[in-house]
Amino acid sequence: MARPRLLDLDRSSFRAVIGALAAIAFFFLVFPTLIVLLTSFTSTASLRFPPPGYSLRWYTALLDAHQMQQAALNSLKVAAAATALSVVLGTSGALAIGRSSARWAKILDSIFMSPLLLPALAFGFAALLYFSLIGVPLSLATLVLGHIAVCVPFVLRTTIASLSQLDPALLDASLSLGAGPLFTFRRVTLPLIGRGIAAGAFLAFMASFDNVPVSLFLTDARTEVLPIHLWQIIDTDLDVRTAAASGVLIFATVILMVAAERFAGLSKQLH
Amino acid sequence: MTAAPAAEHDPEKRAPVFEKIMLQQKVKARWRFVEKSSRFDAPEWRLLLPLGAFFVLFFAAPLVVLFLVSLSDGIALNGFTVAHYAKFLTDAFSLSILFDTVVLGIKATAVCLVFGLPLAWVCVHAHPRLRSLLVFLVILPILTSVVVRTFAWIVILGQQGILNKTFLSLGLIDHPLRLLFSEVGVVMVLAQVQMPLMVLPLITTLQRIDPNLADASRALGAGHWRTFRRVILPLWLPGLVAGSILVFAACTTAFVTQTLIGGARLVYMPLYIYQQATGANNWPFAAAMSVLLMISVLLVVYLLNLAGRARWAVRHG
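These protein sequence lines are chains D and V, in that order.
Numbering that gives the first Met the number 0 applies: residue 0 is where the first sequence begins, and numbers increase by one.
Numbering that gives the first Met the number 0 applies: residue 0 is where the second sequence begins, and numbers increase by one.
Please keep in mind that the hints were generated in silico from the structure rather than gathered at the bench.
Among the hints, erroneous ones may be present.
[To be verified] With a cut-off of at most 20 Å between alpha-carbon atoms, the simulated SDA-like pairs for lysine to any residue come out as follows:
(1) K267/D / L165/D
(2) K164/V / L116/D
(3) K106/V / L165/D
(4) K267/D / K164/V
(5) K164/V / M187/V
(6) K105/D / A241/V
(7) K164/V / F48/D
(8) K105/D / V55/V
[Stated by the list, open to error] A short list of chain D residues far from chain V (calculated; beta carbon distances all over 10 Å):
(9) T59
(10) S138
(11) A178
(12) L229
[Said to hold, decoys possible] Derived CB-CB ranges, DEER-like:
(13) W44/V / R221/D: 37 to 43 Å
(14) R229/V / S163/D: 43 to 49 Å
(15) F262/D / L171/V: 34 to 40 Å
(16) H65/D / A309/V: 28 to 34 Å
Source: prediction; values computed, not measured.
Every residue gets a Cβ at the ideal spot worked out from N, C-alpha and C, and that includes glycine.
So that you can see chain V by itself, here it is in the shape it has in the complex (with noise of 0.2 Å):
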């Protein structure tokens, strides 16, 4: 070895090509490492079992059960109908009960935007010590009973409520305002009760996202807002369909906030199948009405996951 010429055993020129043969070794060492991990793994499927067959059996099977009791006269599955979707589509008060109910959770979603995006923003961007204790706050209120949440907007927002009391002493109003038993009033506290299940998902792919990003558009000229709409918000995208999604369904299927601050003149379907199903014993009716709010919620869903996709294809396609 002593022998060979002396550019042979300079490390410094030799390395590239060695580095890169070592680097293939490693990456096929690396390939049959997985190949064999992944074999000695196989027995891991077997962990799915439990909750596998949990799935099936007390949530797949419920729901197919439903499906087949609207569509039979009865809760024995006798006789096949479509006379409960045909009674509820051709029926104009429960078409507008199931649209009211889709337009109450795009607005609650909306709110929720509009005030999530800024406390993300703020959650993310505030000192170590403070982001904990704010992240903390967001939390508080989804781990405090809906109930007690709800309870509390009702003293809020009642006829002799504070808000009512602080207008009405401020002279902004001549009497009282009816927000208890409204649609704002709905959708306000909705928006609130729901709020952290759109701040988390933000706040998750808001820290992914690369600082440099904003810090080079501002460099090269761009102002904040324009960096925040052109640079920050398409790639926030994930995290805003994410918790729209999820804010979206918990809306439409929030009986408690719909019933007590919506009271019973203004009705959604949770309630209706609720009346439906004990009140009425309408079961097979119950069950369509169920499937019906069940394709809606899913199709909004859906196409939450389309945009999302869609404007992701645009920049990036």
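Bound-form chain D, shown alone (with noise of 0.2 Å):
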């Protein structure tokens, strides 16, 4: 009889130690985030939670915030930008290198995902000191293009894991009954691997739209982007409309996730 209690031991403490941690982990990643919302709806001017009343003028106050609206634009304008760029760009890398099992593409590959290794800030330095040596003034378009680096490897990601998942056969086939190469990547490649492409787009949108390490140099007075803004507020006064602003962009990036998850499958093409 000992052999099974002592086998039974093993399995419920092993289920209690993991669930345990997962739990807390879990906690962990979704409690900061309601106390954010909830914070934000309170109706005084201090951070206090639980805050002792509730009210919207955090975020009516908002509409009058036009710096803050104005570095929104920006950074809503380079987001877009720097994604439209790296779908183009990481997509016709994808197709190069992501059917190739050769060393160079291999190499390549590891070339290309390299921006999410190497510290984006000695980058986003590096691009400053790039930009002022060629004489090119610093504008949103700069920003875009220290943007695009960073933004690549996820579409790159995304993009070759659905390419694998492709059968060569239906190229084959597309290509032995006449079709030009052009013709095919349109109305057979593209819509299969038109999921992957959309859900590195959503990635790339939101790891610019929230980038600080190569914004806070590519940056200035007049370009100033969102996330900086509100550092920059949030390091000098703590201010309730960040709260609200924050609410904001909670509210926004959920409404994007599922929209995401219905046409992309996001959380699928990421594991």
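Both chains come to you apart, so use the hints to assemble them.
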């Protein structure tokens, strides 16, 4: 009788430890977001939790925060442009290296993924030096160029993943039936890898919209972006409007994510 | 053909040899086909040109410029000097900042591992319906702005924050803890903020491990813990290394979290570089610091890779 009971102890202790650690981790992943949401509806001018009363005053205050709105608009513009260009560059790159198992393809793949490993802040500073050396003044365009390098890896990753699931026989069939490479791409490849590209585009958009390390060096007062603006406000004086702005960002993220889940199966593309 | 012995006509007897020949033919045909199609696909490398050109112009070139500036007297690349490196490497204060940054990354990565492994385990072994919700919850934080998530922790960790108020009312502490502006706070918040980077590769690799292996191990008498340590963990190692590398790299460059949670007293490399580059306007020195930070991060990444491979060789070599 001793043996089964010992095994039971082993099994239950394993489950208990794994379950407890996972529960703590889930709690910590979700809890801060909920705190910010609740705090953003406070009726007072402090970030006390729990708030003594609830109101929408800080959300209405956002309507007058022109500087913040301008920063948000800049962020949207830059993220949209960086995403569009990353999708074009990343998809064509993925088509070239995704289906090859050659050594050079592996090497190129790790080079194109390296922006995720290198400290992005060092790259941001390098970009600032580069643009000032070749005499290009900073603008939203230079910011977009800086963001693309850190956005491309996301498109590349998800597109290569969906290309690896694409049956090459389909392409051969299309080509042998007389369709040209371009027609084949448009009518066969693209519909099949579209979800992968869309998931990558979504991640690239979020990566650009949220980027601080590169934007830190490539923006000035005119081209200020939202994360930097919020960071400055939080760093200097804690303004409850940042909680409301955070609330707006959280709602927007959840809506975008649900949409991405619906149309691109986001969580399936990521793992 | 009808005159042939019956045995030759018996498909069951002929099948093995026949199939073998067929298979050989098929393999040969497949190889010819692969060769042909790869020749046919040759124009595909041209698809690489836009991305390749972009990377050379706007990724590699800036890094080369960074390196050159770090070795020169000024931004105009005049004069060659290693003075900036010498200044950094002989200054105890600067060296301690670089050291602290690497240690911070290692600590946050360790915390991420301790909680990320169970998290990924639960995600993979949960009921399929529950699983997609759990994965959704894991992804959500990484897509919420880093500034927002860090801001949330300021509300939680502050002297008047929830954590201190709860601890005080429970009588666990007499006076508020200094969690904000402490290293413990920075490690905690970094681990939370970067957790999804750890969990996603872990989920991917855990899914690929054949569940029969764990069942076999348990059927042969190994307990859950032993099975986890001896069967699952070695096979999980590639995901562990991939997640650790991503988290470590992200933590060492996490400017927002480091500055907002660490405050002005806890200085890490990103803030130090930023101060030198903008405040002190000392670009070559900041460039040398950036290069040193990159080398340190890549060194740790290389060691992590090496550790993963060494374990692999011990198990399977």
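So, going through the hints one by one against the coordinates:
At most 20 Å may separate the alpha-carbon atoms for a hinted pair to count; K267/D and L165/D meet this at roughly 16 Å. For the given pair, K164/V sits about 39 Å from L116/D by alpha-carbon distance, which is inconsistent with the 20 Å threshold. With a CA separation close to 40 Å, the supplied pair K106/V and L165/D exceeds the 20 Å bound. This hinted pair does not check out: K267/D and K164/V have alpha carbons roughly 40 Å apart, beyond 20 Å.
The suggested pairing of K164/V with M187/V holds, with an alpha-carbon distance near 18 Å, which does not exceed 20 Å. At most 20 Å may separate the alpha-carbon atoms for a hinted pair to count; K105/D and A241/V meet this at roughly 16 Å. Restraint check: the Cα-Cα separation between K164/V and F48/D comes to about 9 Å, which is no more than 20 Å; the hinted pair holds. Distance restraint check for K105/D and V55/V: the Cα-Cα separation of roughly 18 Å lies within the 20 Å cut-off, and the hinted pair is therefore satisfied.
Even its closest Cβ contact with chain V, about 20 Å, leaves T59/D beyond 10 Å, as expected for a residue assigned away from the interface. Annotated as non-interface, S138/D keeps its C-beta farther than 10 Å from every C-beta of chain V; the closest such distance is 14 Å. The Cβ of A178/D lies farther than 10 Å from every Cβ of chain V, with a closest approach of about 14 Å, so its non-interface assignment holds. Not every CB of chain V is more than 10 Å from the CB of L229/D (nearest about 5 Å), against its label as outside the interface.
Take W44/V and R221/D: their Cβ atoms lie about 41 Å apart, and the range 37 to 43 Å holds. Checked against the hint of 43 to 49 Å, the pair R229/V and S163/D fails, with Cβ atoms roughly 31 Å apart. Remark: the range hint 34 to 40 Å for F262/D to L171/V is contradicted by a beta-carbon distance near 48 Å. Evaluation of the 28 to 34 Å hint for H65/D and A309/V yields a failure: the beta carbon distance comes to about 57 Å.
In summary, the structure is inconsistent with hints 2, 3, 4, 12, 14, 15, 16 from the numbered list given earlier, while agreeing with the others.
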